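> This is what each chain is made of:
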Amino acid sequence: MVLLSRKATCNSHGQDSSYFLGWEEYEKNPYDVIKNPQGIIQMGLAENQLCFDLLESWLEQNTDVACFKRAGQSIFRELALFQDYHGLSSFKNALADFMSENRGNRVSFDSNNLVLTAGATSANETLMFCLADPGDAFLLPTPYYPGFDRDLKWRTGVEIVPIQCSSTNGFCITKLALEEAYEQAKKLNLNVKGILITNPSNPLGTTTTQTELNILFDFITKNKNIHLVSDEIYSGTIFNSSEFVSVMEILKNNQLENTDVLNRVHIVYSLSKDLGLPGFRVGAIYSNDKDVISAATKMSSFGLVSSQTQHLLSSLLSDKKFTENYLRENQKRLKNRQRKLVLGLEAIGIKCLKSNAGLFCWVDMRPLLSSKTFEAEKDLWKKIVYEVKLNISPGSSCHCEEPGWFRVCFANMSEETLKLALKRLKKFVDDGNSKRSCQKSESQKLKGSRKKTMSNVSNWVFRLSFHDREAEER
Amino acid sequence: MKQLSTKVTSNGHGQDSSYFLGWEEYEKNPYNEIKNPNGIIQMGLAENQLCFDLIETWLAKNPDAAGLKKDGQSIFKELALFQDYHGLPEFKKALAEFMEEIRGNRVSFDPSKIVLAAGSTSANETLMFCLAEPGDAFLLPTPYYPGFDRDLKWRTGAEIVPIHCSSSNGFQITESALQQAYQQAQKLDLKVKGVLVTNPSNPLGTMLTRRELNLLVEFISSKNIHLISDEIYSGTVFGFEQFVSVMDVLKDKNLENNEVSKRVHVVYSLSKDLGLPGFRVGAIYSNDEMVVSAARKMSSFGLVSSQTQYLLSALLSDKNFTSTYLNENQKRLKIRQKQLVSGLEAAGITCLKSNAGLFCWVDMRHLLDTNTFEAELELWKKIVYEVKLNISPGASCHCTEPGWFRVCFANMSEDTLDLAMKRLKEYVESTDSRRVISKSSHERIKSLRKRTVSNWVFRVSWTDRVPDER
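Chains G and P, in that order, give the protein sequences. Per my numbering, the very first residue in the first sequence carries number 1; after that it's consecutive. Per my numbering, the very first residue in the second sequence carries number 1001; after that it's consecutive.
Source of the hints: derived by calculation from the structure; they are not laboratory data. Remember, it's a predicted structure, so these values are computed and weren't measured experimentally. Just so you know, not all the hints are guaranteed correct.
[To be verified] When the alpha-carbon atoms are kept at most 27 Å apart in a straight line, the in silico DSSO-like pairs for lysine-lysine are as follows:
(1) G:Lys186 / P:Lys1007
(2) P:Lys1077 / G:Lys321
(3) G:Lys7 / P:Lys1153
(4) P:Lys1353 / P:Lys1388
(5) P:Lys1191 / G:Lys7
(6) G:Lys7 / P:Lys1353
(7) G:Lys332 / P:Lys1077
(8) P:Lys1077 / G:Lys69
(9) G:Lys35 / P:Lys1077
(10) P:Lys1077 / G:Lys389
(11) G:Lys69 / P:Lys1319
(12) P:Lys1353 / G:Lys290
[Said to hold, decoys possible] Label-pair ranges, simulated between beta-carbon atoms:
(13) G:Thr221 / P:Glu1386: 48 to 58 Å
(14) G:Glu387 / P:Thr1006: 48 to 58 Å
(15) G:Cys10 / P:Lys1253: 51 to 61 Å
(16) P:Glu1100 / G:Ser108: 31 to 41 Å
(17) G:Glu387 / P:Ser1108: 43 to 53 Å
(18) P:Gln1049 / G:Glu329: 50 to 60 Å
(19) P:Asp1071 / G:Val33: 38 to 48 Å
(20) P:Glu1386 / G:Arg70: 31 to 41 Å
(21) P:Asp1071 / G:Asn263: 50 to 60 Å
(22) P:Glu1078 / G:Arg70: 19 to 29 Å
(23) G:Asp291 / P:Gln1049: 29 to 39 Å
(24) P:Lys1253 / G:Asp291: 26 to 36 Å
We put the CB at the ideal spot given by N, CA and C, even for glycine.
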């Protein structure tokens, strides 16, 4: 008998294979405009493929950089040996500046407060190791990125308690929901160590509003043991920079910089979404707490960024002409592409949550459900995967508490492919309109079936977090 | 009060500043042939700087690899998007073949059993997460790499129980030492999950003998536990004997289809053999599907940059390059080690006879005032501050006998090594006339040793300096 840890073996318990099937189906039958035009179109991957031409042309104009040269001199040895967990300072400086630029230079970042990590996946887990002990809890607004179940909880032993958000107010965080989550944690005997938000939100595609930020800051000002982690991985995907309010700005504008709140607010960043470079594994933790920086820096030993990659990107991000143009172009293209998806869905009679950022829309398919249940959501999802041949992400996988919402990505395919996807969906909806009979269940029947399906949901979610597919499907 | 986790706050306890001072002194006053010829020479960093020219030549001849091109076409987009934790197939294949080449093609490695990680630091920690619960223990032969205290224990909650090895038999692992360690763990109420060895050894620079390997395989077989063999230095073997991997032993004993083979895992990295610690390339190799599956998911927390995977897949797929490199690397390491050994001999200092690694395990017991760790600390300070050499004291590696030091030879030029030896010779000659050697009583040694070792060791693990000075 081979004895493995619980962490290694818990994987195989209670796994529902439905979500896994969606991925599997895509892998078995991936759409290709020439080789497989009837295949499944991948709309479940939040990748940014819209601006590679800008990156490629920069690379062509700066061939020295990839070849380990700096000012014409080879620095290969230097880079090959560079494993200092403090990171390449030229890279950290460029990254700090880039982060400022993303925030319209309304705030500045000190590169000494930056810790580099192998992607935001590593950054988030590391922050949990630094801020919480096994059994402690973090509060997260729903819906949230499914990967958090693995990243925040798996090896750390930390728990997630949801802050339930609802469509009645566009899934905004309310004071009531926050307090209820806090109470719930207490009921479960969990010590709440902090709140983690994703701003802009995945899967909503919306920026956190000033009102919400005020609620969060009021809360952590009152509760002095609670941290606020703001995962701002999508900060560069905002269609209109002026609409983004980073937690850094709140600290500055509310003059919290000389209070204890400063040390309890931390930001996570990555180049996987803004720059479309998930393969390069570049993430960062930003904190004003020097103990957190010190500990996170040591922990980053377990996931340092390749020096080869740090060198390339330090050159790229130091080129201000490039970054300025890139950010502007990126925003423009994302905005256009999102519009195409939104209008295309509207033409089919499908609404989305009004969004101003991200690589996806939060789509309201509640009218297409046969009943207001997660079971019905799952059925609809299966149809969309197998019949419509679109792989999209069901809301329950994001812990949404209302069935019928789906995350649909728009930036990981060509315009033509998006058009085709919309055509397919239109056909499905049109066909369904003539066939479907909508039944409104009685509220008792709803409740009963919802309870039953909740256990299916947790299976899904579990399987999703541990699915044996692409690692980072944010 | 802002509350951080106990992992963070426990950090600050019991830290002795002596080892930290050594690093600090080096950073304040680093040797430079031209700009600072009287500075401290770094001999505490196990880096392989001897063969960069071979890699640089290859890069110049193969610009596509670093230029993110394949057959002249840009594959930038493909690589930029590639974050699959299964890893780049061409890279895993090339890596598996490289590992086979290092072992004389006597054993084979299946690429599908390889899990890539951001360095062996990440690989070792991940294996602990997969094999041990918090509070479980792994047995490690002493002396061992100081970084293991952090890598294996810090965030995992696993414990290390030492298998005491002694100079009386060249620090080899004996059956009685193994059994004693196992019993000690039981006394401490710790469940033993496995044994971890580094082969070739850091800091000894020796390969595990077949006898030791057989002993280990039998031991884990009988106790039903795991064996992790960190073979990060497998490509630095320069002795006449060939490297015997634990995989060789499994094959020779016909255990490849035995269930014990599922409990043997190998860790590898390109940081030492290829001298590329900055690129963060490590790997776990396991015959156990569940371990591979779990480790692979955990590798999400430390994937290898696709840019780097691509470059190295091209490099390692070039068999002309790899065979030339491995040959040349061995040759140069052997010459450089000889230079260190003879330099030390000229100063009246002997080393453990070694046949691998980037360092020697040096016997300075005769230079100690007393046979104590306190005396070792004193000697070490003198070597750092007066002789101006930064070397690693044995206590930092959990050695049970005072007076041993790890001295690196592959991270500097020949001339710098010459200079280091000259300085050491001068120091020894000047103190020969002054020194008084006294042998302390058995009890005094024991009590002094217990107190100072733990302080050192703790500080060393938490040093705020360059992380991976293996």
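> Each of the hints needs a verdict: does it hold here or not?
So, going through the hints one by one against the coordinates:
no. : hint                             : in the structure
1   : G:Lys186 / P:Lys1007             : holds (23 Å)
2   : P:Lys1077 / G:Lys321             : holds (21 Å)
3   : G:Lys7 / P:Lys1153               : holds (16 Å)
4   : P:Lys1353 / P:Lys1388            : holds (25 Å)
5   : P:Lys1191 / G:Lys7               : holds (17 Å)
6   : G:Lys7 / P:Lys1353               : violated (42 Å)
7   : G:Lys332 / P:Lys1077             : holds (20 Å)
8   : P:Lys1077 / G:Lys69              : holds (22 Å)
9   : G:Lys35 / P:Lys1077              : holds (20 Å)
10  : P:Lys1077 / G:Lys389             : holds (25 Å)
11  : G:Lys69 / P:Lys1319              : holds (26 Å)
12  : P:Lys1353 / G:Lys290             : violated (45 Å)
13  : G:Thr221 / P:Glu1386: 48 to 58 Å : holds (55 Å)
14  : G:Glu387 / P:Thr1006: 48 to 58 Å : holds (52 Å)
15  : G:Cys10 / P:Lys1253: 51 to 61 Å  : violated (34 Å)
16  : P:Glu1100 / G:Ser108: 31 to 41 Å : violated (52 Å)
17  : G:Glu387 / P:Ser1108: 43 to 53 Å : holds (45 Å)
18  : P:Gln1049 / G:Glu329: 50 to 60 Å : violated (43 Å)
19  : P:Asp1071 / G:Val33: 38 to 48 Å  : violated (23 Å)
20  : P:Glu1386 / G:Arg70: 31 to 41 Å  : holds (37 Å)
21  : P:Asp1071 / G:Asn263: 50 to 60 Å : holds (52 Å)
22  : P:Glu1078 / G:Arg70: 19 to 29 Å  : holds (26 Å)
23  : G:Asp291 / P:Gln1049: 29 to 39 Å : holds (35 Å)
24  : P:Lys1253 / G:Asp291: 26 to 36 Å : violated (50 Å)
Hint check: violations occur at hints 6, 12, 15, 16, 18, 19, 24; the rest are consistent with the structure.
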